[in-house]
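Top line first, the protein sequences correspond to chains A and B.
Each residue of the first sequence is one higher than the last, beginning at 1 in this note's numbering.
Each residue of the second sequence is one higher than the last, beginning at 1 in this note's numbering.
Incorrect hints may appear among the rest.
Not the full set, but computed from the structure, chain A residues with beta-carbon under 7 Å of chain B [claimed, not checked]:
hint : residue
1    : 260
2    : 261
3    : 334
A short list of chain B residues far from chain A (calculated; beta carbon distances all over 12 Å) [said to hold, decoys possible]:
hint : residue
4    : 81
5    : 149
6    : 265
Because the hints were derived from the structure by calculation, they are not lab data.
Computed from a prediction, not measured in an experiment: that's the story for all the values here.
Cβ coordinates follow ideal geometry from the N, Cα and C atoms, glycine included.
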Amino acid sequence: MYRSPRSFAAASGNAMLALLAEQGFEVIGPRRIDEAIVYAPLGTFDDLPIGVTDRQMPGRYSLHDSDRRSYFDAAVGPHSVKHHLHPSSSTVWDITRSDDGALSIEMHRPEPAPLAVIGVRPCDLVALEKQDRVLMGGPHINPVYAANRRRLFIVAVNCNHPSGTCFCTAMGNGPTAVRGFDILLTELPGDEGSEFVATAGTDAGGRLLESIDTDAATPEQLERAAELAAAAADEMRAEVDLLEAGTHLKEHLDSEMWAEIGERCLACANCTMSCPTCFCTDLIDTTSIASVSSRRTRVWDSCFTGSFSHMGPGPVRGSIGSRYRQWLVHKFSTWHDQFGESGCVGCGRCITWCPVGIDVRREVARISRSGT
Amino acid sequence: MNAAPIAQPGRDTSGTTLDSLLVPRPYHVIAKRLETHDVTTLHVVPCDGGRPPSFKPAQVGMVGAFGVGEAALSISSEVHQLSQHSYTIRRAGPITNALIDTPIGGTVTVRGPFGRPWPIDDLDGGSLVIFGGGLGLAPLRAVIHEALRRRSDFTDLRVLIGARTPRDLIFRDEYAAWDERGAHVAVIVDNRDDDWAGPIGMIPDLLDDQTRAEVDWVTAHVMICGPDPMMASVSKRLTGLGVETSRIWWTMERNMQCGNALCGHCQFGPIIVCRDGPVVNLADIEPYVGIEEL
Chain A
1 MYRSPRSFAA
11 ASGNAMLALL
21 AEQGFEVIGP
31 RRIDEAIVYA
41 PLGTFDDLPI
51 GVTDRQMPGR
61 YSLHDSDRRS
71 YFDAAVGPHS
81 VKHHLHPSSS
91 TVWDITRSDD
101 GALSIEMHRP
111 EPAPLAVIGV
121 RPCDLVALEK
131 QDRVLMGGPH
141 INPVYAANRR
151 RLFIVAVNCN
161 HPSGTCFCTA
171 MGNGPTAVRG
181 FDILLTELPG
191 DEGSEFVATA
201 GTDAGGRLLE
211 SIDTDAATPE
221 QLERAAELAA
231 AAADEMRAEV
241 DLLEAGTHLK
251 EHLDSEMWAE
261 IGERCLACAN
271 CTMSCPTCFC
281 TDLIDTTSIA
291 SVSSRRTRVW
301 DSCFTGSFSH
311 MGPGPVRGSI
321 GSRYRQWLVH
331 KFSTWHDQFG
341 ESGCVGCGRC
351 ITWCPVGIDV
361 RREVARISRS
371 GT
Chain B
1 MNAAPIAQPG
11 RDTSGTTLDS
21 LLVPRPYHVI
31 AKRLETHDVT
41 TLHVVPCDGG
51 RPPSFKPAQV
61 GMVGAFGVGE
71 AALSISSEVH
81 QLSQHSYTIR
91 RAGPITNALI
101 DTPIGGTVTV
111 RGPFGRPWPI
121 DDLDGGSLVI
131 FGGGLGLAPL
141 RAVIHEALRR
151 RSDFTDLRVL
161 IGARTPRDLI
171 FRDEYAAWDE
181 RGAHVAVIVD
191 NRDDDWAGPI
201 GMIPDLLDDQ
211 TRAEVDWVTA
221 HVMICGPDPM
231 MASVSKRLTG
241 LGVETSRIWW
251 TMERNMQCGN
261 ALCGHCQFGP
271 IIVCRDGPVV
281 NLADIEPYVG
291 IEEL
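Turn these sequences into a full structure, and let the hints steer you where they fit.
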């Protein structure tokens, strides 16, 4: 297995995808669909959004053609690997009732096909670790997530061009990956087309690199990769250490700012749907029309809904401000108490996809500094 | 707060074995007892002929009605009586209505038991003071019986019970027996009715001059279950009497859906109630008590 970095051109990338497909992997990667970059089936590197860049701001997302011919210039879109590991809907069990009223229970046993995801960003690798801890690291595990996780092959890519809402460095991550990948790529753009520096993170990744046409990466290529990483980090202005500031949010539960944010927040739940670490699910029982069978389904839920905190007398969190407080304080502060780390990776999706442009960078900074 | 919970099932690492606490087990309803106008106790036994699992006081079963859903309910039977489990349920919505309306001989499902129990095994003697408000007496019934069984371990045992009206008192026919077996039982109601001769007021009013003087509060351990504001007001009175918050335990109730710390619904600040509760030490949650809509 290769221990030192390799380099290859797009043709070898195509060979890599073909080999993964031959080995039975469903191969997905970032593609331009409906004017967003989303994960979709990927046949060759030509399916990638070549020459496409994104502009992301609070509440704003748009794609643009650039004169660069890079494959991985656009930053994260609304989808993350979560959509494929922790699907928005999955079956828990089926219960059948016989004529005499006896119940027989059949647990759903997921047996998913192997999945290879190309172009996973460093923030999303950190998000995967956080979901692992929640959904596989406690006394009980989510069997669907665990089965999907086991069949996952990851080709990650370092970020050369963070978007306007990226803040991974303020959360202590990125913009380069350190672990959690089978293969890690850095794209080196060039007039003759891009080259890629590739590092294996696992034996499986190393074997795949050995199976395609590569060269040893040159010192010049490695230096250029390091320069690109440094430039990407510089692009993200991290005025506040949000990782540290976020831990203090739980000391400001009485702040008047929560109600003020509640007046802007629509409780639409876009932030929780696009967040790569939000894991909450609702359990819904449905019956057949003859009432002889019942299925339990696990679906994504959001702490922004009224039913989320339902109790006998009604919801615990009736106001939108209290729901926003639950989300932000959990993500940045009480996640540390529950799971020993922050729940945020700094991907910026909740900022981009918030229809009213609430910016968690600003809210965390000002609430954690406030006087209450 | 991240210490291992009491129920430690086998981890699913192979993808083929199932975590038994994630799998519902059918139970027959063998008897029902009307406790009050809206509270009923179901007595259940496994349909497979086996015994119900052992449990500790206040541990929770996820009790399911076919096609409707599950409710998180503390087991209200005694820990040493394992021929059956009991669940004491108030009509609060479609799931609890369906459970209460299950006919004798009908089937419900149960997963569990889950969660942290009352710490009766860890107490160093002294006095034990138990407060139950309304239906809050149900998660306390097992620990009351356990404390009576080990009565000599404690210098004093008090059971202080409150309800909105006399007709909202549950397990009312047991109070005299508890008293005879060595618990000082006192009962108070917010609003009297015609056949009530006892005191009227809120539960903290049971801490009258005589009780305050009789109990050794320095050695006291206190267990409280009831609505959040009731637990908060009782705790405030107790800390005023010199009881350390680390010697006071509550049972928390939140929207428990999965019971497995996977669905996220039952958070209370830093606590995931189904994992870190339902019994929590007041010292662990003190900064979060009384905050609206948390």
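Here is how each hint holds up against the structure:
no.	hint	verdict
1	260	15 Å, violated
2	261	14 Å, violated
3	334	5 Å, holds
4	81	25 Å, holds
5	149	29 Å, holds
6	265	6 Å, violated
In summary, the numbered hints that this structure violates are 1, 2, 6.
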